[in-house]
Amino acid sequence: MTVRLFELMLKAAGYTVVISVASIAIGLLIGILVCAAKLSPRPWLRWPASLFVSFFRGVPLLVQLLLIYNLLPAIGIAVPSVVAALIGLSLCTAAYQAENLRGGFLSVPRGLLEAADMAGLSPWQHFRRIRAPIALRLTVPALVNEAILILKASSLISVVGVIELTRTAQNLAASTYEPLLFYSVAGGLYLAINWVVAAGGSLAERALRRGRLA
Amino acid sequence: MTLPAPAIAIRRLSKSYGRTEVLHGIDLEIARGATTCLIGPSGSGKSTLLRCIAFLEEATSGTILIDGQPLGFEEQAAGRRVRLPPQRIRKVRSGIGMVFQQFNLWPHMTALGNVTEALVTVKGLSRQEADARGMAQLRRVGLEARARHYPSELSGGQQQRVAIARALALEPEILLFDEPTASLDPELTGEVLNVMRDLGGEGMTMVVVTHEIGFAATVGQRIVFLDHGRVLLNGTPAELFAAPRHPRLTQFLETYLDRGAAMLLKPA
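Protein sequence lines, in the order shown, are assigned to chains A and B.
The first sequence finishes on residue 263 if you use my numbering, and the numbering steps up by one all the way, no holes.
The second sequence finishes on residue 433 if you use my numbering, and the numbering steps up by one all the way, no holes.
Treat the hints as calculated values from the structure; they're not laboratory data.
It is possible that some hints are incorrect.
Unchecked claim - From the structure, some residues in chain A lie toward chain B, with a derived Cβ separation under 7 Å:
#, residue
1, L161
2, E163
3, A164
4, M167
5, G169
6, Q174
7, I179
8, I183
9, R255
10, R259
11, G260
What the hints assert, rightly or not - Simulated restraints, written as ranges between beta carbons of each label pair:
#, chain 1, residue 1, chain 2, residue 2, range
12, B, Q234, A, A85, 30 to 40 Å
13, B, G289, A, E56, 57 to 67 Å
14, B, L430, A, P90, 46 to 56 Å
15, A, N119, B, R292, 48 to 58 Å
16, A, P97, B, N399, 50 to 60 Å
17, B, R410, A, S171, 40 to 50 Å
Glycine is no exception: its CB is placed at the ideal position from the N, C-alpha and C atoms.
In isolation and in its complexed conformation, chain A is listed as follows (with noise of 0.2 Å):
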């Protein structure tokens, strides 16, 4: 393999942490607010939220990716391939990532809710100072696992066309009949990203150790 193959598969790499990257941001964003959605007390928030994510985690990543990449032209939306790929994955990890989200809001301990109520404290500053803050440390190790199943899980963005690291793999498989090597590479690529991404986590648990639950 020759220097620039080589550099053809780490721009690939890239486009593939740049695009996972901004689906977990934007999938947060959203899976805070569904989230949100499916704690309120007012069913006509939580049914939707419900809904939204009993799709989302029920049907394949595979067959979201194909329906939207389909669905958008047929209503008269064009978008560039990339779009769609990153409107599949957001929503996709959106959904679950509220699921974790709303596990640690549900596993903050009542006790701790009942000392802010006799502090005294308005239900915004509640939630912004007592809830929050403990329901996201008991949701850090859920965050860093699901970012690296969506890293993984962006390969599959290429049946959209979209040209990441694994449809790379494959192409320059292809054209240079070597699928070993440069399979390996891919995969060596995708565990390397991965291992920066645990570790990074493992410095965000670490950081937040000496403020866990006692």
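Fit chain B to the known structure of chain A by using the hints.
Structure of chain B alone, referenced to chain A:
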């Protein structure tokens, strides 16, 4: 001339969980400036009563007056109970501090952070002023040196003392303690009881749910003995513990020989 209102007045308070009634029409007045200990067997409703006083549990019927002000519900002329708006509940509740069995310190804040949180967010003090007041409270419970430690880095006894400092920082009229030493190792209960004893000595109005009979008998000025969701006995330690004693109380004390009840039972 009218008598000053009691610190807490409880009127015909009942509490049910589903169909099970756990408190049956409690009438009780808590005197100002005194330590009142609620004792009784498990399931007698003493913790539930305390949680109703803090409005962490809503009573099914009856009313609670804190310093003459209705908490949570107000009795109207027709005998109907009306729920008060949340701001009014917060206002009345600001006169009450609570110390929990599980400490309930916020794990993501230091000891000082726990003590100063409401001073900044609720009372609007500057960080500097809040820290000064927080340190003063930590000094009061002997934990000035642990101010920058997180709850996970403190022993149970230290955590509970921080929790007491947190409650004191808001300058409550009344402090409620819900079995404050029940989750502590025996060698750590002493340091918490000592802090409480000092507070009682300073004239703080305290209501303490406890299994520490020795503490109740020596520090409590009033003892309220609950049994099956009713106030069975209410008096000074001398009145309650001296012979002739109520048979239910004797029976109860016999199960707490290791918590200081032995000295109350030994023949004079």
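Evaluated hints:
1. Here the hint on L161 of chain A is kept, as its CB sits about 5 Å from the closest CB of chain B, short of 7 Å.
2. Annotation: E163 of chain A was flagged as interfacial toward chain B, and the flag holds, the nearest CB pair being 5 Å apart, inside 7 Å.
3. Annotation: interface hint on A164 of chain A holds; nearest CB of chain B at approximately 4 Å, less than 7 Å.
4. Because the closest C-beta pair between M167 of chain A and chain B is about 4 Å apart, less than 7 Å, the hint holds.
5. Of the supplied interface hints, the one on G169 of chain A holds, with its beta-carbon coming within about 5 Å of a beta-carbon of chain B, less than 7 Å.
6. Evaluation of the Q174 of chain A hint against chain B yields a held restraint, the C-beta minimum of about 5 Å falling below 7 Å.
7. This hint holds: I179 of chain A has a C-beta 6 Å from the nearest C-beta of chain B, less than the 7 Å allowed.
8. Among the interface hints, the one on I183 of chain A holds; its C-beta lies about 6 Å from the nearest C-beta in chain B, closer than the 7 Å criterion.
9. Checking R255 of chain A against chain B: minimum C-beta separation of about 13 Å lies over 7 Å; hint violated.
10. Interface restraint check: R259 of chain A against chain B, minimum CB-CB distance 5 Å, threshold 7 Å, status holds.
11. The beta carbon of G260 of chain A comes within 4 Å of a beta carbon in chain B, closer than 7 Å, and the hint placing it at the interface holds.
12. Range check, Q234 of chain B to A85 of chain A: about 34 Å between beta-carbon atoms, so the 30 to 40 Å window is met.
13. Taken as a hint, the range 57 to 67 Å holds for the pair G289 of chain B and E56 of chain A, whose Cβ atoms sit roughly 58 Å apart.
14. Between L430 of chain B and P90 of chain A the CB atoms are about 52 Å apart, so this pair conforms to the stated range of 46 to 56 Å.
15. One distance hint, 48 to 58 Å for the beta-carbon pair N119 of chain A and R292 of chain B, holds here, with the actual separation near 56 Å.
16. P97 of chain A and N399 of chain B have their C-beta atoms about 54 Å apart, which keeps the hinted 50 to 60 Å range intact.
17. A C-beta distance of roughly 48 Å is found between R410 of chain B and S171 of chain A, which places it inside the suggested range of 40 to 50 Å.
Of the numbered hints stated above, the single one contradicted by the structure is hint 9.
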